[in-house]
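Order-wise, the sequence lines are chains W and X.
So the first sequence is residues 1 to 201, counted in this note's numbering.
So the second sequence is residues 202 to 554, counted in this note's numbering.
For the record, the hints were derived by calculation from the structure and aren't laboratory data.
You may find that some hints are simply not true.
[What the hints assert, rightly or not] A short, non-exhaustive set of chain X residues, derived as facing chain W with CB atoms under 7 Å:
{"id": "1", "residue": "382"}
{"id": "2", "residue": "455"}
{"id": "3", "residue": "456"}
{"id": "4", "residue": "495"}
{"id": "5", "residue": "522"}
{"id": "6", "residue": "524"}
{"id": "7", "residue": "528"}
[As the list claims (entries may be wrong)] Straight-line C-alpha distance at most 16 Å; calculated EDC-like pairs for lysine to aspartate or glutamate:
{"id": "8", "chain 1": "W", "residue 1": "142", "chain 2": "X", "residue 2": "379"}
{"id": "9", "chain 1": "W", "residue 1": "80", "chain 2": "X", "residue 2": "495"}
{"id": "10", "chain 1": "W", "residue 1": "118", "chain 2": "W", "residue 2": "137"}
{"id": "11", "chain 1": "X", "residue 1": "272", "chain 2": "X", "residue 2": "419"}
{"id": "12", "chain 1": "X", "residue 1": "242", "chain 2": "X", "residue 2": "349"}
{"id": "13", "chain 1": "W", "residue 1": "80", "chain 2": "X", "residue 2": "500"}
{"id": "14", "chain 1": "X", "residue 1": "268", "chain 2": "X", "residue 2": "245"}
{"id": "15", "chain 1": "X", "residue 1": "268", "chain 2": "X", "residue 2": "495"}
{"id": "16", "chain 1": "X", "residue 1": "312", "chain 2": "X", "residue 2": "282"}
Please read all numbers here as calculations on a predicted model, not as lab measurements.
Glycine residues also receive a C-beta, built at the ideal position from the N, C-alpha and C atoms.
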Amino acid sequence: MQNNMKLYRGLLLLAATAILAVTAGCDPQGEKPPTAVSSSASASVASSSEKPSSSTSGSKQEAPKSVEVELYYPDATATKLVSVKKKLDITKEDKYNAAVHALMQDPKEKTVTGIFPKTAKLRSVRLQGDVAVVDFDSNIRKGFSGGSTGERFLVGSVVNTLTNFPEIKKVRFLLDGKEIESLAGHMDLTEPVARMNSLME
Amino acid sequence: MGLFGLTVTRFIRAFLLTMLCLGILSSLCMAASTHELTYFKSYETTVDGEEVIRFELGLNRDGLAYKESTKAYRPNTLILDLDDTIPGRLRHQMQLSGIGESLKVQEVELKHTRLQLNFTKPVEELSYRVYTLSENRKERKPARLVIDVSKRGKKAAGSTEGVEGHTIVLDAGHGGSDTGAIGPSGLTEKEVTLAVTQKVRDILENSGAHVVMTRDSDRDVYGVNATDRQELQARVDVSLREPATEIFVSVHCNAFSSPSAHGVETYYYAGSPLGYRLAALLDEELLREGGLQDRGVKDANFYVLRHSAVPASLVELAFITNYQEERLLADDGYQSGLAEAIARAIGRYFSGN
Ligand SMILES: [Zn+2]
Numbered sequence: 001m002q003n004n005m006k007l008y009r010g011l012l013l014l015a016a017t018a019i020l021a022v023t024a025g026c027d028p029q030g031e032k033p034p035t036a037v038s039s040s041a042s043a044s045v046a047s048s049s050e051k052p053s054s055s056t057s058g059s060k061q062e063a064p065k066s067v068e069v070e071l072y073y074p075d076a077t078a079t080k081l082v083s084v085k086k087k088l089d090i091t092k093e094d095k096y097n098a099a100v101h102a103l104m105q106d107p108k109e110k111t112v113t114g115i116f117p118k119t120a121k122l123r124s125v126r127l128q129g130d131v132a133v134v135d136f137d138s139n140i141r142k143g144f145s146g147g148s149t150g151e152r153f154l155v156g157s158v159v160n161t162l163t164n165f166p167e168i169k170k171v172r173f174l175l176d177g178k179e180i181e182s183l184a185g186h187m188d189l190t191e192p193v194a195r196m197n198s199l200m201e
Numbered sequence: 202m203g204l205f206g207l208t209v210t211r212f213i214r215a216f217l218l219t220m221l222c223l224g225i226l227s228s229l230c231m232a233a234s235t236h237e238l239t240y241f242k243s244y245e246t247t248v249d250g251e252e253v254i255r256f257e258l259g260l261n262r263d264g265l266a267y268k269e270s271t272k273a274y275r276p277n278t279l280i281l282d283l284d285d286t287i288p289g290r291l292r293h294q295m296q297l298s299g300i301g302e303s304l305k306v307q308e309v310e311l312k313h314t315r316l317q318l319n320f321t322k323p324v325e326e327l328s329y330r331v332y333t334l335s336e337n338r339k340e341r342k343p344a345r346l347v348i349d350v351s352k353r354g355k356k357a358a359g360s361t362e363g364v365e366g367h368t369i370v371l372d373a374g375h376g377g378s379d380t381g382a383i384g385p386s387g388l389t390e391k392e393v394t395l396a397v398t399q400k401v402r403d404i405l406e407n408s409g410a411h412v413v414m415t416r417d418s419d420r421d422v423y424g425v426n427a428t429d430r431q432e433l434q435a436r437v438d439v440s441l442r443e444p445a446t447e448i449f450v451s452v453h454c455n456a457f458s459s460p461s462a463h464g465v466e467t468y469y470y471a472g473s474p475l476g477y478r479l480a481a482l483l484d485e486e487l488l489r490e491g492g493l494q495d496r497g498v499k500d501a502n503f504y505v506l507r508h509s510a511v512p513a514s515l516v517e518l519a520f521i522t523n524y525q526e527e528r529l530l531a532d533d534g535y536q537s538g539l540a541e542a543i544a545r546a547i548g549r550y551f552s553g554n
C-alpha cells in the first residue's frame with residue numbers, strides 16, 4: 001500500500017516535472033521558473049536587501065548587494081565548530097537563506113570540512129519571532145553520514161551560524177515542510193534548538 | 202523531417218515491443234526461480250563443538266531470501282518469512298517435542314511462505330542461529346534452511362562483579378529498517394550495536410543481573426513505518442514497562458562526514474549526576490579496553506537520554522566511518538572486549554567504585 005502510494009506520488013511528480021519542462025520550453029520569453037528559495041513575509045521584512053521598494057527603513061539608499069557573515073563549519077576530526085567569515089551575495093535571497101546555502105557548500109578552507117550530503121537541498125529559512133525555521137528536503141537524510149557526532153555537528157553548524165544573527169535565538173528544523181523529531185535518531189529535535197556552545201570549545 | 206519522424210516512430214515502437222518482451226521474459230524467469238519446501242526434520246547434531254538441536258527444511262534450489270523476526274506479544278515464536286517460496290507438500294502444522302514445540306507453515310501471500318517455530322521458552326532466551334546451506338551434490342544433500350538452537354542455552358560468557366540482583370535495560374542502537382551509520386566497507390551500525398549489546402547481556406546475566414533488551418534481533422522496536430519519536434520512545438518504554446529498571450545504556454557507533462574523525466565518546470543528559478557518573482565510568486572502561494582516542498564525556502539532548510526515567514548513558518564505541526575503527530568494530534574479539542568493558546563499568550556503577 002505504502003509502496004503503491006509512493007509509486008503513485010512518483011508518477012505524479014514525474015508528470016508534473018514533464019509538464020513543467022514542456023511549458024518552460026514553450027515560454028517565448030524563456031523566463032526561469034521561480035527558484036525554490038521561498039521567503040515568508042516576515043523574512044523579507046527582516047532582510048533589508050530583498051526588495052528595496054518595500055523596505056520598511058524608508059531610506060532611499062540602494063540595498064546592500066552582499067553581507068559578511070560568520071559561518072560555522074566542523075573541523076576535519078569533528079572536535080569543534082570553527083567560524084569562517086564569508087561575503088554572501090544577498091541580491092537573490094535574504095542573508096539567512098544565503099548563510100545556510102553557503103554552509104551546505106563544501107568549504108575550500110583546509111581547516112574545516114563540509115557536513116551536508118551533496119544531494120540535500122534547502123527549501124527555505126524563515127523567521128517566526130526569534131526562531132528561524134529551516135526547511136530541508138528529505139535528501140538530507142539519504143546521503144547523511146549519521147552518527148551522534150555527525151548529527152550534532154550538522155545541527156550545530158546551522159544553529160550556531162543562524163543564532164549569530166542577534167535577532168535569532170533558536171532554530172527549528174523541518175523536512176519537506178514537516179516538523180521532525182530527530183535527524184539521525186539520536187538528537188531530540190521536537191523543540192527549537194538554542195545555540196550549541198559546547199561545540200565551540 | 203517526415204522521414205526522420207517516421208524513423209522515430211518506428212524506433213519507439215520497436216523499443217516498446219522490446220520492453221514488453223523483456224517484461225514477459227523476466228516474469229517467466231521469476232516463476233522458474235520460486236523456491237519450494239521439500240521436507241522438514243529436526244535432530245541433534247554438533248556445530249563447532251557445540252551441541253545443537255537442528256530444525257532443517259529442504260529446498261528445491263539455492264538462493265533463498267528470508268527475513269527473521271519476533272513479535273513482542275508472542276515471545277516464544279520465531280518467525281521466518283521466506284521470499285518467493287511455496288510450502289509444497291509440507292504439512293501446515295507439525296507438533297514437535299523438546300525445545301521446539303510446534304512448526305506452522307503458511308503461504309500467507311502468493312509465493313510468500315511464513316514459518317512460525319514455537320519454542321518452550323522465549324526466543325530471547327535462546328542461543329540460536331538461522332542460515333542456509335547450499336546444495337551439496339557429492340553428499341546428495343539439497344539446499345536447506347537451518348535453525349540451530351544451542352542445547353546449553355545462552356553461550357557461556359565472562360562475568361563481572363557488582364551487578365548481581367540489579368536490573369539493566371540495554372538498547373542496541375538502530376535496527377530493522379534503520380541501518381544507522383554505514384562504514385566505508387559496508388559495515389552497518391545496527392549489526393555492531395546488536396552484537397556488542399548481546400555480548401554485554403550475556404556477561405551481565407552470567408553475573409546474576411536482570412537484563413532487558415530493547416531489541417534482540419535485527420528489527421525496529423516500534424515498527425517499520427514509525428516516526429522517529431515513536432521509535433525512540435518505544436526504546437524508552439521498554440525501561441518504563443520494567444519498574445525495577447535502574448539504568449539505561451544505549452549502544453551506538455559514531456559517524457562523521459570526514460573519515461578522519463575517530464575515538465570514543467559517551468553521553469549523558471545534562472542535570473543528571475548519576476547519568477554523568479555512568480557515562481564517565483563507561484568512557485573510562487571503553488578507553489582502557491579499546492585503546493582509542495578519548496573524545497570525552499559529553500552532555501547532549503538525545504531523545505533516549507532526555508526521556509529516560511532512570512540514569513542513562515549513550516555510548517559511541519568508535520567511528521564506523523573511520524577505516525581503522527570500522528575494521529575493529531567488525532572484529533568479534535574486539536566486540537567482546539568492548540562488551541566486557543561496558544559490563545565492568547556497569548558493575549563499578551552499582552558497587553560505587
Ligand atoms: Zn547511532
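Checklist entry - Are the Cα positions of residue 142 (chain W) and residue 379 (chain X) separated by 16 Å at most? => result Within the cut-off at roughly 11 Å; holds.
Checklist entry - How about residue 382 (chain X): closest beta carbon in chain W under 7 Å, or not? => result holds, 4 Å
Checklist entry - Any CB of chain W closer than 7 Å to the CB of residue 495 (chain X)? => result violated, 11 Å
Next on the checklist: For residue 118 (chain W) and residue 137 (chain W), compute the direct alpha-carbon distance and say whether it is at most 16 Å.
Outcome noted: At roughly 12 Å apart (the allowed maximum being 16 Å), residue 137 (chain W) and residue 118 (chain W) satisfy the hint.
Next on the checklist: For the restraint on residue 456 (chain X), tell me whether the closest CB of chain W is nearer than 7 Å.
Outcome noted: holds, 3 Å
Checklist entry - Between residue 272 (chain X) and residue 419 (chain X), is the straight-line Cα distance small enough, at 16 Å or below? => result Within the cut-off at roughly 12 Å; holds.
Item to check | Holds or violated: residue 268 (chain X) to residue 245 (chain X), with C-alpha atoms at most 16 Å apart | outcome: With Cα atoms ~24 Å apart, residue 268 (chain X) and residue 245 (chain X) exceed 16 Å; violated.
Checklist entry - Regarding the pair residue 268 (chain X) and residue 495 (chain X), is the alpha-carbon distance no greater than 16 Å? => result The hint is violated at about 38 Å.
Item to check | residue 524 (chain X) as chain W interface residue, shortest Cβ-Cβ below 7 Å | outcome: Hint violated; residue 524 (chain X) Cβ to chain W Cβ min 14 Å, cut 7 Å.
Next on the checklist: For a C-alpha distance cap of 16 Å, please report whether residue 80 (chain W) and residue 500 (chain X) respect it.
Outcome noted: holds, 15 Å
Item to check | Status of the residue 522 (chain X) interface restraint (C-beta, 7 Å, chain W) | outcome: OK, holds: residue 522 (chain X) within 7 Å of chain W, min 6 Å.
Item to check | Interface hint status, residue 455 (chain X) versus chain W (Cβ within 7 Å) | outcome: holds, 4 Å
The structure fails hints 4, 6, 7, 14, 15 (numbered hints given earlier, in ascending order).
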